[in-house]
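J.: Sequence:
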Amino acid sequence: MKNITDTRLLKVTLSIISLAIVVAILKQLKAIFIPLTLAIFLSFMLSPAERFLTSKKIPKILVMILLLIIIFSSMFLIGTLVYKGVSSFVTAYPIYEDKITLKVETFVEKFQLPIEIRGIKSYLKNEVDWAYLISKFSVSKSISKTMGSFVDFLFKLFLTLVFWMFLTWEKALIFKRVEKTLTHEEALQSLNMAKDLEKQIISYLANKTWISLLTAVLGMLLLASLKIHFVIISGVLLFVLNFLPNFGSVIAGSFPVIICFFQYGVGWQLFVLMGAMLGLQLTIGNILEPHVMGNKFNISPLFILISLIFWAWVWGVAGMLLTVPITSALVLVMREFKSLKTVTAIISGK
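Residue numbering for the sequence shown follows the working numbering, beginning at 916 and increasing consecutively.
Among the hints, a few may not be true.
Said to hold, decoys possible - Distance windows between CB atoms, simulated:
1) Lys1256 / Lys1114: 19 to 25 Å
2) Ser970 / Lys1256: 37 to 43 Å
3) Ala1260 / Leu1193: 34 to 40 Å
4) Ala1121 / Lys1086: 15 to 21 Å
5) Asn1107 / Leu929: 27 to 33 Å
6) Ile984 / Thr1096: 23 to 29 Å
7) Pro974 / Leu929: 46 to 52 Å
8) Leu944 / Leu1193: 40 to 46 Å
9) Trp1228 / Leu981: 24 to 30 Å
10) Val937 / Ile1202: 25 to 31 Å
11) Glu1101 / Gly1231: 32 to 38 Å
12) Lys926 / Leu1128: 34 to 40 Å
What the hints assert, rightly or not - Taking lysine-lysine pairs in the BS3-like style, the calculated list, with each CA pair at most 25 Å apart, reads:
13) Lys1256 / Lys1110
14) Lys971 / Lys1091
15) Lys972 / Lys1110
16) Lys1114 / Lys972
17) Lys1095 / Lys1071
The set of hints was computed from the structure by calculation and includes no laboratory data. Each residue gets a CB set at the ideal place from its N, CA and C atoms; glycine is no exception.
Work the whole structure out from these sequences, hints included.
T.: This is the structure in structure tokens:
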């Protein structure tokens, strides 16, 4: 009995040590693992298009070229939108400098704070380096901090595409090599698991993409109708941050509300925008998205939150964006092991 207990304790200890080592490797070598993970998901997402083109007897090299054109076209469109949005935001900061000063003055007067207004105005106008603050907190700088320098970003992009090309080119060969090392039943089980994983990832990414796009378009139309500034960058934030589970849509929706407050003050536009944004997020987040996604991922919201914090710590913003697909993939793999049945039951949303 004691030997069995000691063996179990040893297994648990070794498992914890192994997990800690894996996490440390993922964190230290994130410059390699983030592009590799992105390449894997990109490979899954483009596999239907790849199969369709291959079925039309198009040579594999041409299929790769066509898929690369699709990737670069999408990136060029997104990059153009981000550039225009950030440029308009940086250009307009002097206007908002005056508005921030005015809001602070109004706040001090309204609540009769024992602070000299002239002193505040002089400090905000002359002492605060607004250009420096904007450069520190602008979206472009945030992206730069997250991805590193522009050269580093290009390197990661290049590495992602290289990984994707090798994965796409050798995917069938890899499956054949793995099949040779397994029994017929094990090979069939692995193939079914791979198909389920591909189906789940494609379903998540495709549905999340068009739902995020719908949220962004409706949000931009709302902002344009109220003549609120920074429509493009607000749309980009609504699209990108909607991929962050639980908090993304709230953060994205807060940006246009803050802009509206500085643009119009506490006017009817602010209340209309707040009500409309809340209605939009509730309708899409609580009605449309659950209806479309269904119970496919079957992951506890608490575990999603824990995963979000964990992957944010390991890989930063990239980890946060990849939280759901990575977690759902891990859960799907764990379901195949009887020894992990208890862990899977805890993670499960059912």
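J.: All hints are to be evaluated individually against the structure, with a verdict given for each.
T.: Each hint, compared with the structure:
1. Lys1256 / Lys1114: 19 to 25 Å: Holds - the Cβ-Cβ distance for Lys1256 and Lys1114, about 22 Å, lies within 19 to 25 Å.
2. Ser970 / Lys1256: 37 to 43 Å: holds, 39 Å
3. Ala1260 / Leu1193: 34 to 40 Å: holds, 35 Å
4. Ala1121 / Lys1086: 15 to 21 Å: Given range 15 to 21 Å: holds, Cβ gap about 19 Å.
5. Asn1107 / Leu929: 27 to 33 Å: holds, 30 Å
6. Ile984 / Thr1096: 23 to 29 Å: Given a distance of about 36 Å, which is not inside 23 to 29 Å, the answer is violated.
7. Pro974 / Leu929: 46 to 52 Å: holds, 49 Å
8. Leu944 / Leu1193: 40 to 46 Å: Hint holds: Cβ distance 42 Å, inside 40 to 46 Å.
9. Trp1228 / Leu981: 24 to 30 Å: Because 38 Å falls outside the window, the suggested range is violated.
10. Val937 / Ile1202: 25 to 31 Å: Since the Cβ atoms of Val937 and Ile1202 sit about 39 Å apart, the hinted range of 25 to 31 Å is violated.
11. Glu1101 / Gly1231: 32 to 38 Å: Because 37 Å falls inside the window, the suggested range holds.
12. Lys926 / Leu1128: 34 to 40 Å: violated, 47 Å
13. Lys1256 / Lys1110: Holds. Lys1256 to Lys1110 sits at ~21 Å (cutoff 25 Å).
14. Lys971 / Lys1091: Judged against 25 Å, a Cα distance of about 23 Å means the pair holds.
15. Lys972 / Lys1110: holds, 23 Å
16. Lys1114 / Lys972: holds, 24 Å
17. Lys1095 / Lys1071: Violated - the C-alpha atoms of Lys1071 and Lys1095 are around 34 Å apart, more than 25 Å.
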